[in-house]
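K.L.:
Using our numbering, the letters of the sequence shown correspond one by one to residues -6 to 90.
Please keep in mind that the hints were generated in silico from the structure rather than gathered at the bench. Ideal placement from N, C-alpha and C gives every residue a C-beta, glycine not left out. Among these hints, one or two may not hold up.
Unchecked claim - The list that follows gives simulated cross-link-like pairs (lysine-lysine, DSSO-like), each with its CA atoms no further than 27 Å apart:
| id | residue 1 | residue 2 |
| --- | --- | --- |
| 1 | K6 | K46 |
| 2 | K8 | K46 |
| 3 | K45 | K56 |
| 4 | K56 | K4 |
| 5 | K70 | K80 |
| 6 | K80 | K8 |
| 7 | K45 | K4 |
| 8 | K45 | K80 |
| 9 | K56 | K80 |
| 10 | K80 | K6 |
| 11 | K4 | K46 |
| 12 | K70 | K45 |
| 13 | K70 | K6 |
| 14 | K56 | K70 |
| 15 | K8 | K56 |
| 16 | K80 | K4 |
| 17 | K59 | K8 |
| 18 | K59 | K46 |
| 19 | K46 | K70 |
| 20 | K4 | K59 |
| 21 | K45 | K8 |
| 22 | K56 | K46 |
| 23 | K45 | K59 |
To be verified - Label-pair restraints from in silico Cβ distances:
| id | residue 1 | residue 2 | range |
| --- | --- | --- | --- |
| 24 | E15 | P50 | 19 to 25 Å |
| 25 | D64 | R16 | 25 to 31 Å |
| 26 | G7 | I81 | 52 to 58 Å |
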Amino acid sequence: EYVGYPSFYCKGKGKIIITYGERLIETFPENFSKAWWEPIVNEYSIDSDDFKKISIPFRRSCKFIKITLVDGNVWVKDFEFDSVHAKIEQEGYFNCE
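Work out the full structure: start from the sequences and follow the hints.
P.N.:
Written out as structure tokens, the structure is:
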């Protein structure tokens, strides 16, 4: 489970779609209408001869990420997550027998 801000490098000319899911099956559009959740999909138009960093400005939570080439020729590399965590003010404990 990743929580954070995704980024990646890409070059080429075309369009890609990035889909996030908690399960792999959730990243496929044919399953969107069956889900109780609203799918998270980001679409990007790429037009660059050199690798350019794309930073997604929204925090995402997922286990699977699917990158789909919609049109053209696009190369993607170095996909990464800048992870963030909730600040925990007080740690708890419990006893169990």
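K.L.:
All hints, please: hold or fail.
P.N.:
Here is what the structure says about each hint:
1. For the hint pairing K6 with K46, the CA-to-CA distance comes to about 15 Å; that is within 27 Å, so the pair holds.
2. Restraint check: the Cα-Cα separation between K8 and K46 comes to about 15 Å, which is no more than 27 Å; the hinted pair holds.
3. The suggested pairing of K45 with K56 holds, with an alpha-carbon distance near 25 Å, which does not exceed 27 Å.
4. About 25 Å separates the Cα atoms of K56 and K4, which keeps this hinted pair within 27 Å; it holds.
5. Only pairs whose Cα atoms come within 27 Å are accepted, and K70 paired with K80 is rejected, the gap being roughly 31 Å.
6. In summary, the hint linking K80 to K8 is not supported, as the alpha carbons are separated by about 37 Å, beyond the 27 Å threshold.
7. About 6 Å separates the Cα atoms of K45 and K4, which keeps this hinted pair within 27 Å; it holds.
8. At most 27 Å may separate the alpha-carbon atoms for a hinted pair to count; K45 and K80 exceed this at roughly 32 Å.
9. Of the pairs offered as hints, the one joining K56 and K80 holds, with about 21 Å between alpha carbons and a cut-off of 27 Å not exceeded.
10. As the CA atoms of K80 and K6 are separated by approximately 41 Å, the hinted pair breaks the 27 Å bound.
11. A C-alpha spacing of about 9 Å is found between K4 and K46, which places the hinted pair at or below 27 Å, so the restraint holds.
12. With a C-alpha separation of about 10 Å, the suggested pairing of K70 with K45 holds against the 27 Å cut-off.
13. Proposed proximity of K70 and K6 is supported: the alpha carbons are some 15 Å apart, at most 27 Å.
14. With a CA separation close to 18 Å, the supplied pair K56 and K70 stays within the 27 Å bound.
15. Under the criterion of a C-alpha separation no larger than 27 Å, the hint pairing K8 with K56 is consistent with the structure, at around 23 Å.
16. At most 27 Å may separate the alpha-carbon atoms for a hinted pair to count; K80 and K4 exceed this at roughly 36 Å.
17. This hinted pair checks out: K59 and K8 have alpha carbons roughly 14 Å apart, not beyond 27 Å.
18. Taking the CA atoms of K59 and K46, the gap is about 18 Å. The hint holds against a cut of 27 Å.
19. For a cut-off of 27 Å, the pair hint linking K46 to K70 stands: about 10 Å separates their Cα positions.
20. About 18 Å separates the Cα atoms of K4 and K59, which keeps this hinted pair within 27 Å; it holds.
21. Under the criterion of a C-alpha separation no larger than 27 Å, the hint pairing K45 with K8 is consistent with the structure, at around 14 Å.
22. Our distance criterion of 27 Å between C-alpha atoms is met by K56 and K46, whose separation comes to about 22 Å.
23. Proximity of K45 to K59 is assessed by CA-CA distance (about 19 Å); at most 27 Å being required, the pair is judged to hold.
24. Here the CB-CB span from E15 to P50 is close to 21 Å, well matched to the stated 19 to 25 Å.
25. A hinted range of 25 to 31 Å for the beta carbons of D64 and R16 is consistent with their spacing of about 27 Å.
26. Evaluation of the 52 to 58 Å hint for G7 and I81 yields a failure: the beta carbon distance comes to about 43 Å.
Checked against the numbered hints above, the structure breaks hints 5, 6, 8, 10, 16, 26 and satisfies the rest.
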